[in-house]
Amino acid sequence: KAGVTQTPRYLIKTRGQQVTLSCSPISGHRSVSWYQQTPGQGLQFLFEYFSETQRNKGNFPGRFSGRQFSNSRSEMNVSTLELGDSALYLCASSLAPTSGSYNEQFFGPGTRLTVL
Amino acid sequence: AQSVTQLGSHVSVSEGALVLLRCNYSSSVPPYLFWYVQYPNQGLQLLLKYTSAATLVKGINGFEAEFKKSETSFHLTKPSAHMSDAAEYFCAVRVFSGTYKYIFGTGTRLKVLA
Chain A
1 KAGVTQTPRY LIKTRGQQVT LSCSPISGHR SVSWYQQTPG QGLQFLFEYF SETQRNKGNF
61 PGRFSGRQFS NSRSEMNVST LELGDSALYL CASSLAPTSG SYNEQFFGPG TRLTVL
Chain B
1 AQSVTQLGSH VSVSEGALVL LRCNYSSSVP PYLFWYVQYP NQGLQLLLKY TSAATLVKGI
61 NGFEAEFKKS ETSFHLTKPS AHMSDAAEYF CAVRVFSGTY KYIFGTGTRL KVLA
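Chains as they are written, first to last, in my numbering: chain A, 1 to 116; chain B, 1 to 114.
I should point out that these hints are in silico values taken from the structure, not numbers from a laboratory.
Each residue gets a CB set at the ideal place from its N, CA and C atoms; glycine is no exception.
Any given hint could turn out to be false.
Unchecked claim - For lysine-lysine, the following DSS-like pairs were computed, each having C-alpha atoms within a straight-line distance of at most 27 angstroms:
#1 B:Lys49 <-> B:Lys101
#2 B:Lys101 <-> A:Lys57
#3 B:Lys68 <-> B:Lys111
#4 B:Lys111 <-> B:Lys49
#5 A:Lys57 <-> B:Lys49
#6 B:Lys68 <-> B:Lys49
Unchecked claim - Reference listing, derived: stretches of chain B covered by chain A, where coverage requires no fewer than 3 residues with Cβ under 8 angstroms from a Cβ of chain A:
#7 37-48
#8 94-102
#9 105-113
What the hints assert, rightly or not - Label pairs and their in silico Cβ distance ranges:
#10 A:Gly28 <-> B:Glu15: 35 to 43 angstroms
#11 A:Ser79 <-> B:Ser97: 24 to 32 angstroms
#12 A:Gln41 <-> B:Thr77: 22 to 30 angstroms
#13 B:Ser52 <-> A:Gln17: 44 to 52 angstroms
If we strip away everything but chain A, and leave its shape as in the complex, we get (with noise of 0.2 angstroms):
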């Protein structure tokens, strides 16, 4: 069974510029949760997605938003890129949420973005 994939990998933007990343779950799981992961901070939630609805959201400001469509794939964007926004953004998946009962996370790669 293929694993959580995310597309791109990398990306390079400039500030004020805005980014769509990318995640596929893996088959026959429909929940996707978001992470920001940045050096001496860890990960920070952002927020998870079950059918096509946002069920959790973390501490960040509106410029950061996502979506799920209905086969389960979810993209997070960010628009007015800043400078602290360069990270690594993990995606996780699950079978049900994660704000319910227990089901244990799966995490892609990520995709590491560099604002300039």
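Fit chain B to the given chain A structure using the hints.
This is chain B only, laid out in the frame that chain A set:
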């Protein structure tokens, strides 16, 4: 506020030596606790988890961790380090705050010296 603290952002051990990575959590109720490993250019992989069963949890690659409620700790150990253990390790807690959420520590980079 609930949190996870990993003591030591960088730890170096000699090959064959004991690995000890420290994790302390703060939570008002017994949480679920996790250790993940991240190899370069890869995502996080679950090493082991504590879900309120046995306090000593065995994971993959010879790692284990012990849940100590009195110390609010969940330290990760491995008796004998291998070069392939060099990676970044994250401790995480799953807590309930209106809904369940994962809180991750800031990570510990393990270096194994030949």
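Right, here's what the structure says about each hint:
1. B:Lys49 <-> B:Lys101: holds, 15 angstroms
2. B:Lys101 <-> A:Lys57: holds, 9 angstroms
3. B:Lys68 <-> B:Lys111: holds, 26 angstroms
4. B:Lys111 <-> B:Lys49: holds, 23 angstroms
5. A:Lys57 <-> B:Lys49: Holds - the C-alpha atoms of Lys49 of chain B and Lys57 of chain A are around 24 angstroms apart, at most 27 angstroms.
6. B:Lys68 <-> B:Lys49: holds, 14 angstroms
7. 37-48: holds (count 6)
8. 94-102: Answer holds; 5 residues pass the 8 angstroms Cβ test.
9. 105-113: holds (count 3)
10. A:Gly28 <-> B:Glu15: 35 to 43 angstroms: Given range 35 to 43 angstroms: holds, Cβ gap about 40 angstroms.
11. A:Ser79 <-> B:Ser97: 24 to 32 angstroms: Because 28 angstroms falls inside the window, the suggested range holds.
12. A:Gln41 <-> B:Thr77: 22 to 30 angstroms: With a Cβ separation near 26 angstroms, Gln41 of chain A and Thr77 of chain B satisfy 22 to 30 angstroms, so the hint holds.
13. B:Ser52 <-> A:Gln17: 44 to 52 angstroms: holds, 46 angstroms
Of the numbered hints stated above, none is contradicted by the structure.
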